[in-house]
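Produce the complete structure using the sequences and hints provided.
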Amino acid sequence: MRYSQLLIPTAKEMPAEAEVISHQLLLRAGFIRKLTSGLYTYLPLGTAALRKVENIVREEMNRAGAQEILMPMVQPADLWEESGRWQKYGPELLRFKDRHQRDCCLGPTHEEVVTDVARREIHSYRQLPVNLYQIQTKFRDEIRPRFGLMRGREFLMKDAYSFDASDEAAEESYRKMREAYIRIFTRCGLEFRAVEADSGSIGGSFSHEFMVLAKTGEDTLVICQSCDYAANLEKAKAAMPVKPESSEAVQDCVKVATPGMKKVDKVAEFLGLSTQQVIKTMIYLADSELVAVLVRGDREVQPVKLKNLLNVTDVELADDDTVWQKSKLPVGYIGPVGLPIRFVADQEVMLMVNAAAGANEKGHHLTGVNPNRDFTPAMVGDLRQVTADDCCPLCGAALRLTEGIEVGHIFKLGTKYSEAMKATFQDADGQEKTMIMGCYGIGVSRVVAAAIEQNHDQNGMIFPLPLAPVQVIVLNLDLKNEAITAAAEQLHQELEAAGLEVLYDDRDERPGSKFKDADLLGIPYRVTVGKGVEKDGTVELRARCSGETVMLPLAEAAREITAKIKAELTAG
RNA sequence: CGGGGCGUAGCGCAGCCUGGUUAGCGCGCCUGCCUUGGGAGCAGGAGGUCGCAGGUUCGAAUCCUGCCGCCCCGACCA
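Each number in my numbering corresponds to the 1-based position in the first sequence with 27 added.
Derived SDA-like pairs (lysine to any residue); straight-line CA-CA distance at most 20 Å: (1) 541 <-> 37; (2) 289 <-> 327; (3) 460 <-> 441; (4) 562 <-> 512; (5) 293 <-> 309; (6) 507 <-> 557; (7) 61 <-> 168; (8) 543 <-> 55.
The calculated label-pair distances, taken between Cβ atoms and stated as ranges, are: (9) 128 <-> 37: 45 to 51 Å; (10) 194 <-> 365: 41 to 47 Å; (11) 272 <-> 454: 52 to 58 Å; (12) 352 <-> 453: 54 to 60 Å; (13) 365 <-> 164: 54 to 60 Å; (14) 34 <-> 164: 18 to 24 Å; (15) 64 <-> 365: 46 to 52 Å; (16) 46 <-> 454: 51 to 57 Å; (17) 90 <-> 68: 27 to 33 Å; (18) 206 <-> 339: 33 to 39 Å; (19) 349 <-> 277: 34 to 40 Å.
Rather than coming from a laboratory, the hints here were simulated on the basis of the structure. Fair warning: this is a prediction, and the values are worked out from it, not measured in the lab. Think of the CB as a built atom: it goes at the ideal place given N, C-alpha and C, for glycine as much as any other residue.
Shown next, in the form of structure tokens:
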């Protein structure tokens, strides 16, 4: 490919609209252009990088026995009515009517459509298991698109759906996908972790997220320093609390005046206690019902855990006015003793002895509060957010918190959709049974962004070889010099003939620009054809990632470079 | 949707507070010369509804009102 004939609009300056590095570099290097918020055009190099990821994903999905299909982007509302998601799915489902006034939506995911395929086409256990996947543009009308390709409204996704005859078989399908995902992200040259995750709105019994470790990640991961426990912060378990051996006599519950003491630390200080001895009572709106949540004073509530414990679709911290209007409770002085609204407690709270808590009366708290004697929560569970000070729930070692970018998510769905949509089959025993499903997603376009987040320097991107839009760039440093140009043209041809992806910089630019652009584009190998050709018949090969350079005789350059790249790809 | 910021040439910005002929600068782009191992130099040139609409004024990029768009922080998620 001749650089002079390709649309690669690089820029010297950082685009002002981009905040994170992948977005900045994708724009600067001419990989993408914004149409409007959350919608991007992929220019030639961006498209090439996207295809690289896509092909790796396709190869590994096929290897794992999945079959590629392609489903429509426009979907009829009736299917969504059947699954119940027409009502449940929020405004990120883009809905519209066709010319016949029929309700439609743009597919944000394809459980409904694929389940419809399965129920129509699969009737016997002999046809199972089946794993169908597609690589397709998804549309989600995100509340806030951001960070370029990281969270667009339209994005390229690989989504796969497995159908099995039994739970065991479904778990086997899940395991296969987990392995395929590990292979995919390893091949992409990414540093990643598979972590336990919340299954979110897609629903289902268990799931893992694949997270690329990068500072700009939108998620927080909890990783054990010693064993392989890793979880999303939303899901991370704290090590089970141990009941402290306390010789302390159980005190009576006493009301004390704590004027103006609304915050836990103030209350604790005033009463001469540590924050650990105070019960913090947070009021949430759970599907518009007020629910109080008790955690130890030094802890924070993890909303997703709360949502799951309460089995509601939405929880939100209630503001003071709402609390007052709905319950006449004074925020800052609320506590579990005699609390008129439903309340739940973090498991740790139940081990507290002689705690302090709000008295449900402005300006007053109670001391000597003891669980079970003075209050009984409607439910008890793990509700608090894990911190870096916690210990691993499996092995007790120290935990580390780190940021990550979610690039893949696998779920065991169970029968959530197959039951609602009656996807059944006849089993060997003649019984009609419901298919067990799993679903498996990869944000293909997000992988490109994540790879850049993880691999860049001050000069630009540094693509891992398998993801690079082209593998090698040949720089012709002096177009007017016949010897140099002849050598560069020859090298370009030889490398392409050898099956490499080559970009030949034949632009009438000065060397400086060519070096800068080659770095910016992040092409793994750069061959400079310049004065060396005339001096001693050599060209320079430089690796983008290490900066390492070697001089190669022109005659052997193509062969050596080809061998090096092929070897590296095979090793990876 | 709540909070913050921004819209002036393809890109990055100044001018606006304190209204006043022809709206500037750098990069990029076009022509020519020159130059060729880390975004050179010289000369000439093209390119603007100052986001949109309305208002105030003799006069608006500048002041006022409304709208639109974009970016960032929160809830959502591949």
